[in-house]
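Now for the letters of each chain:
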Amino acid sequence: MLIRSILNACKYCGDKVAIIDGHSGQSLTYKTLAINIKASANYLKFNKISIVISVGEPSLDDLGLCLSIGLFDGTWIPLADSEQITYVLRNLEGGSKVLILDSTSGTKDLQQSDHSRKSDLNSTPFLITFSSGTTGHPKGVLLDQVTKLHRSQQTIDLFAVGPRDILLSSSPVHHSLGQRHLFVSLLAKGTLVRNVPFTTEGWLFCAKKYNPTFAIPVSTQVKLLEKKNPEFEHSLHSFRALVMSSAPCSSNLKRFLMQHKIDLWETYGCTETAFASAVKLTSSDNLENVGSPLSQVNILVDEQTSEIKVKTPYLCQGYLGQNSVYKACFDEYGFFKTGDRGAWLGKFLQFEGRLGLEFTVAGNRVNPLAIERQFPGLPGVGSIVAVPIPNTIFDHTVGFFFVNDDKYQTTAHDSKKKLFAWAVLNLQKHEIPTQFISINAWPLLPNGKLDRQKLIQSIR
Amino acid sequence: MIRADILSALEDMNSKLCGIDPQQPIYASTVLDSFEILQLITQIEVQYEISLDINELLGSKFTISDLCRVISVELQRC
Chain U
6 MLIRSILNAC KYCGDKVAII DGHSGQSLTY KTLAINIKAS ANYLKFNKIS
56 IVISVGEPSL DDLGLCLSIG LFDGTWIPLA DSEQITYVLR NLEGGSKVLI
106 LDSTSGTKDL QQSDHSRKSD LNSTPFLITF SSGTTGHPKG VLLDQVTKLH
156 RSQQTIDLFA VGPRDILLSS SPVHHSLGQR HLFVSLLAKG TLVRNVPFTT
206 EGWLFCAKKY NPTFAIPVST QVKLLEKKNP EFEHSLHSFR ALVMSSAPCS
256 SNLKRFLMQH KIDLWETYGC TETAFASAVK LTSSDNLENV GSPLSQVNIL
306 VDEQTSEIKV KTPYLCQGYL GQNSVYKACF DEYGFFKTGD RGAWLGKFLQ
356 FEGRLGLEFT VAGNRVNPLA IERQFPGLPG VGSIVAVPIP NTIFDHTVGF
406 FFVNDDKYQT TAHDSKKKLF AWAVLNLQKH EIPTQFISIN AWPLLPNGKL
456 DRQKLIQSIR
Chain G
25 MIRADILSAL EDMNSKLCGI DPQQPIYAST VLDSFEILQL ITQIEVQYEI
75 SLDINELLGS KFTISDLCRV ISVELQRC
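In the order they appear, the protein sequences are chains U and G. For the record, in the first sequence the residue sitting at position 16 is 21 according to this note's numbering, with numbers rising by one throughout. For the record, in the second sequence the residue sitting at position 25 is 49 according to this note's numbering, with numbers rising by one throughout.
Treat the hints as calculated values from the structure; they're not laboratory data. Please note: incorrect hints may appear among the correct ones.
[Unchecked claim] The calculated DSSO-like cross-link candidates involving lysine-lysine, where the alpha carbons are at most 27 Å apart (straight line), are:
#1 U:259 x U:214
#2 G:40 x U:434
#3 G:40 x U:423
Only a predicted model underlies this, so the values are computations on that prediction, with no experimental measurement involved.
With these hints in hand, go ahead and build the complete structure from the sequences.
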């Protein structure tokens with residue numbers, strides 16, 4: 006269904022460029038993509054391959070091969086690295102023939118899944134996407150073509166994505182946002198520019214060369230890009246809309262986008278639910294929120310735990326090999342428990358980070374994200390990450406990680422003094438950090454999000 | 025840095041310290057609560073780039089004089 010819709014789009018677009026690899030400059034037209042998909046489908050069918058695993062970002066040629074599996078109800082499993090292959094093969098239907106395309110090593114390999122394994126899947130998913138792993142426990146999220154198509158259509162309708170749009174994607178296809186950019190662009194008959202793996206230089210280069218109009222970057226990418234100002238702001242001049250996913254936009258960037266009449270959307274959603282809420286900001290003084298529930302979507306914030314719960318027709322179909330874990334994700338009313346913390350600001354949802362991120366300081370609850378949101382940035386320190394530091398007397402105390410920006414010619418010691426002074430003036434007593442740790446660069450997950458666990462573990 | 029200077033610097037950091045006899049235990053004086061002592065320790069560490077033992081400072085017998093001595097020793101190590 007999804008892939009047939011993409012082939013239909015290809016029919017209309019012909020020689021129009023469908024995808025450009027921003028790093029190499031290579032491009033693929035809709036016509037060539039259609040030819041690749043059809044030829045690959047024949048190859049897969051002839052070899053009785055029902056599953057394609059891509060490791061790393063597939064080349065433009067291989068992308069057709071990955072998509073073609075959808076023409077006969079096979080499964081595409083995009084992975085960040087080869088470490089997950091064993092787990093995946095162990096949990097697939099026994100005896101399935103699997104093609105592994107490893108772009109990190111440039112190899113193609115045919116394997117069979119474990120014969121003894123009887124899959125517990127009710128239906129064959131088109132996509133298995135491993136969620137970000139922010140919790141440290143990545144799960145293989147199962148998605149069929151109908152859901153993926155509906156999700157893409159939801160994005161197209163919500164942000165009015167059309168054939169004139171040039172989408173700049175900085176997320177790999179093994180991440181749900183990378184897939185979102187890809188499918189939305191193809192179904193809307195637009196052009197996709199890939200800046201994968203994400204680099205700030207790649208973004209600036211692609212923006213200058215291809216004049217993108219639309220993107221859904223993750224907050225870490227935006228934070229890194231904001232350090233490149235004024236070049237980053239200049240790179241946004243061709244944009245008509247920018248969508249922030251879960252994390253709110255900084256006030257400086259918000260102001261810039263408003264001034265230049267670029268639509269700014271704040272949204273909330275996760276790999277399991279797709280977009281659940283959204284709001285188009287209309288002035289720079291908007292409260293920080295991620296909007297109100299989208300059409301057909303219900304959102305609850307649990308009164309006791311503050312957990313965000315979602316009921317949506319865009320829901321995924323399960324977790325690979327973890328049926329019981331998936332079932333446990335629902336409350337008695339069938340709402341999906343996201344593991345995220347939220348609050349209502351009137352009719353708008355406020356996203357307050359992961360539930361598990363909170364900790365206590367002498368019995369006082371600390372929400373690191375709330376502290377980080379308050380931090381306005383100081384000369385030499387653009388952003389901070391608040392983490393728990395184990396302490397025998399207080400349970401924990403708060404620690405700040407920061408990256409010292411040499412551009413301002415301030416030493417890390419000066420920055421620590423400034424951070425302390427800011428904390429004393431702006432935070433509650435129990436939130437004032439006891440340690441300020443300067444690092445060279447933020448550790449990132451393969452999807453570009455901050456690897457918070459790595460920072461926490463580095464203290465222990 | 026002599027101890028009188030350290031004491032003066034500490035009182036600049038938190039004026040409540042002026043209300044505590046230097047020989048009186050800091051925590052037991054109840055002039056500063058545990059969070060304020062924690063904040064003071066952090067400020068000293070940030071200011072002088074030294075490391076202090078929080079357990080020691082929150083001990084029942086630890087005085088301002090002890091604190092000045094510890095800072096003095098730590099500064100000499102730097």
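So, going through the hints one by one against the coordinates:
Restraint check for residue 259 of chain U and residue 214 of chain U: satisfied, since their Cα atoms lie roughly 24 Å apart, inside the 27 Å limit. Between residue 40 of chain G and residue 434 of chain U the alpha-carbon distance is near 16 Å, which keeps this suggested pair within the 27 Å criterion. The hinted pair formed by residue 40 of chain G and residue 423 of chain U meets the criterion: a straight-line CA distance of about 22 Å does not exceed 27 Å.
The structure meets every hint from the earlier list without exception.
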